[in-house]
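Residues per chain, in single letters:
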Amino acid sequence: MTAQLADTASHIRAEGPNTEALRTDARREAFSFLALCSPGLILVGLIIVLPIGWLFWLSLFDETGAISGANYARFFEQASYVRTFITTFKVAFLVTALCVLIGYPVTYMLSQIPRRVASICMIFVILPFWTSVLVRTYAWLVILQRKGLVNTWLIDLGIIDQPLPLAHNFAGVIIGMTHILLPFLVLPLYASMRSIDSDYLRAGMNLGAGPTATFWQIFFPLSLPGLAAGIVMVFVLCLGFFVTPALMGGGKVIMWAMRMEQTTSLYSNWGAGSALGVVLLAVTLGLLGLFQWLIGARATSVWGGK
Amino acid sequence: MNTELGLPISHWQRLWLYILGALVLLFLIAPSLIIIPMSFSGSTLLQFPPESWSLRWYEAYFGSVEWRDATIVSVKVAIMTTIVATPIGTAAAYAINSGTLRFSGLINTLLTVALIIPVILVGIGTFFLYAKLGLNNTLTGLVLAHTVQALPLVVLTVLSGLRTYDMNQERVARSLGANRFAAFWQVTMPQIRFSIVSGALFAFITSFDEVVVSLFISGGDTTTLTRRMFSALRDQVDPTIAAISTCLIVLSIVLLSAAQLFGQRRSPK
Chain F
16 MTAQLADTAS HIRAEGPNTE ALRTDARREA FSFLALCSPG LILVGLIIVL
66 PIGWLFWLSL FDETGAISGA NYARFFEQAS YVRTFITTFK VAFLVTALCV
116 LIGYPVTYML SQIPRRVASI CMIFVILPFW TSVLVRTYAW LVILQRKGLV
166 NTWLIDLGII DQPLPLAHNF AGVIIGMTHI LLPFLVLPLY ASMRSIDSDY
216 LRAGMNLGAG PTATFWQIFF PLSLPGLAAG IVMVFVLCLG FFVTPALMGG
266 GKVIMWAMRM EQTTSLYSNW GAGSALGVVL LAVTLGLLGL FQWLIGARAT
316 SVWGGK
Chain Z
2 MNTELGLPIS HWQRLWLYIL GALVLLFLIA PSLIIIPMSF SGSTLLQFPP
52 ESWSLRWYEA YFGSVEWRDA TIVSVKVAIM TTIVATPIGT AAAYAINSGT
102 LRFSGLINTL LTVALIIPVI LVGIGTFFLY AKLGLNNTLT GLVLAHTVQA
152 LPLVVLTVLS GLRTYDMNQE RVARSLGANR FAAFWQVTMP QIRFSIVSGA
202 LFAFITSFDE VVVSLFISGG DTTTLTRRMF SALRDQVDPT IAAISTCLIV
252 LSIVLLSAAQ LFGQRRSPK
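Top line first, the protein sequences correspond to chains F and Z. Counting in the working numbering, the first sequence runs from 16 upward without gaps. Counting in the working numbering, the second sequence runs from 2 upward without gaps.
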């Protein structure tokens with residue numbers, strides 16, 4: 016459509032008597048469209064691009080003000096940083112795996128039931144998605160803490176004598192984050208599963224494949240782009256997650272984002288904190304870039320469905 | 002027989018899938034369902050179901066000057082963010098949709114980049130910048146930072162509305178003598194207004210629920226509700242927060258239902 020218009024425009028430009036006027040008009044239009052975007056672009060430039068660029072600049076200098084890689088070398092030399100990275104990746108892998116393990120079946124079910132019923136069931140996914148992370152973390156604290164619901168129930172039922180350590184530790188962080196990030200896997204996966212043509216499945220079964228074979232050989236491979244989009248989204252969000260580990264970790268689970276907060280707020284070490292941020296951003300963008308490259312343009316259409 | 006897909010698999014054979022799915026859905030909704038009754042508990046102990054009922058935690062919430070001030074700050078910031086982000090995002094979406102915008106791919110990425118960048122990095126960066134500009138602990142600073150967070154949702158929502166709208170209608174209006182703005186205002190806007198309203202609602206809820214950036218740039222008189230909640234949760238699990246959480250859940254339900262309602266009316270008649 017647009018290409019067609021542009022084609023006509025160039026055609027007129029070549030022959031028409033009002034070439035100059037049309038060209039001015041096109042230029043004015045291009046300019047006014049750019050002007051329409053400019054408030055948003057200026058804000059993004061001011062609030063996101065400029066400070067992050069500034070932090071990157073800061074990360075290149077050590078405490079004495081000389082250019083050095085000291086802020087980055089620290090990550091390999093100090094054991095506490097290495098521990099933070101290991102914890103972060105451990106949490107990210109575990110949470111992503113759990114999201115896939117419980118998210119795939121539920122999304123598969125949602126994609127198989129009639130749309131009307133599915134859209135009602137989707138409320139269960141979308142409502143938590145739009146509920147404050149703080150509210151959900153608080154809820155899990157109430158449920159999992161020492162005198163929380165789970166422990167009270169289990170003790171009342173006589174299953175355990177001593178309360179299980181479920182909150183203020185690693186387990187609490189994993190449970191809370193899995194709950195918070197699950198919708199990020201379900202939503203793109205659902206869009207991708209709904210777009211699978213059921214004729215393929217019917218054809219497979221018609222040709223003699225059983226339900227299991229049809230699922231693994233036809234449905235599952237076709238759902239992979241959506242699954243990959245969800246996995247990347249969940250993993251990337253895990254790496255930079257702050258609220259839940261800060262409240263549920265009980266000070267024992269130090270993740271990347273918490274480390275950044277401590278280094279800058281507590282110790283005012285902007286160089287070190289910035290370097291952490293730069294690496295986090297690089298890893299995030301690297302993973303997203305890798306994903307784009309592997310899956311191609313299809314991914315953007317899956318993400319647009321939010 | 003599965004009538005929806007026409008596959009020779011019975012619902013009985015799939016029973017395990019339905020049970021598993023129902024359990025996961027329960028897992029997703031359980032925290033909200035548990036918090037709401039607990040906020041009406043009569044005791045300081047967090048029990049479920051509560052043994053006695055009362056409104057004392059709501060009285061504690063509304064009676065406390067600190068909580069009330071924080072709520073007012075959050076409401077103010079969310080309203081102002083909505084007012085700023087909605088027209089900016091709509092204008093940008095309109096330009097991106099036109100197809101004649103140069104670098105539209107890059108511009109689209111930049112405007113929605115806040116969805117991808119780790120929020121903690123934005124928080125620290127904004128704090129650092131605001132320290133130089135004297136914008137920390139100000140409403141202006143909060144509104145600007147929240148607008149950037151809300152912008153992607155407005156742009157994406159309005160863009161999806163524009164994609165289903167036939168731009169030729171605006172061309173007709175212009176060929177009949179309307180200028181560009183009049184054509185947009187009188188022809189396009191009324192038809193995509195439901196997307197714009199949905200985008201505005203998403204902007205409001207994004208700002209109201211935002212925690213991480215506010216943690217860094219709000220404080221003193223401009224402490225937001227989420228910031229105060231975060232600090233309170235670091236110390237102890239106070240049942241007053243159950244009452245506040247219930248209010249936030251209800252707000253989410255109301256705004257989402259409104260967005261859903263507007264979203265449905267957006268689809269072609």
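Please keep in mind that the hints were generated in silico from the structure rather than gathered at the bench. Just so you know, even glycine gets a beta-carbon here, dropped at the ideal spot from N, CA and C. Where hints are given, some of them may not hold.
[As the list claims (entries may be wrong)] Straight-line C-alpha distance at most 20 angstroms; calculated EDC-like pairs for lysine to aspartate or glutamate:
| id | chain 1 | residue 1 | chain 2 | residue 2 |
| --- | --- | --- | --- | --- |
| 1 | Z | LYS133 | F | GLU276 |
| 2 | Z | LYS77 | Z | GLU67 |
| 3 | F | LYS162 | Z | GLU52 |
[Stated by the list, open to error] If you want the ones that stay clear, here's a sample from chain Z, every Cβ over 10 angstroms from chain F, calculated:
| id | residue |
| --- | --- |
| 4 | TYR59 |
| 5 | PHE63 |
| 6 | ARG103 |
| 7 | GLY126 |
| 8 | ASP210 |
- Query: Regarding the pair F:LYS162 and Z:GLU52, is the alpha-carbon distance no greater than 20 angstroms?
  - Reply: Cα-Cα ~16 angstroms, so holds.
- Message: A cut-off of 10 angstroms on Cβ-Cβ distance, and Z:ARG103 was said to be off the interface with chain F. Does that hold?
- Response: Non-interface label fails for Z:ARG103: nearest chain F Cβ at 6 angstroms, not farther than 10 angstroms.
- Message: Would the hint linking Z:LYS133 and F:GLU276 be met if the CA-CA limit is 20 angstroms?
- Response: Holds: Z:LYS133 and F:GLU276 sit about 19 angstroms apart, inside 20 angstroms.
- Message: Checking a non-interface call: every C-beta of chain F should be farther than 10 angstroms from the C-beta of Z:GLY126. Is that right?
- Response: Incorrect as stated: the minimum Cβ-Cβ distance to chain F is 3 angstroms, not above 10 angstroms.
- Message: The output says Z:TYR59 does not contact chain F. Does that hold with a beta carbon cutoff of 10 angstroms?
- Response: At about 16 angstroms from chain F, Z:TYR59 clears the 10 angstroms cut-off, so the statement holds.
- Task: Verify that the Cβ of Z:ASP210 lies farther than 10 angstroms from every Cβ atom of chain F, and report whether the claim holds or is violated.
- Result: The claim breaks: Z:ASP210 does not keep its Cβ more than 10 angstroms from every Cβ of chain F (closest is about 4 angstroms).
- Does the claim that Z:PHE63 lies outside the interface with chain F hold up, using a Cβ gap greater than 10 angstroms? 18 angstroms, holds
- Task: For the pair we were handed, Z:LYS77 and Z:GLU67, check the Cα-Cα distance against 20 angstroms.
- Result: Holds, at roughly 15 angstroms.
Figure legend: structure checked against the earlier numbered hints; hints not met, in rising order: 6, 7 and 8.
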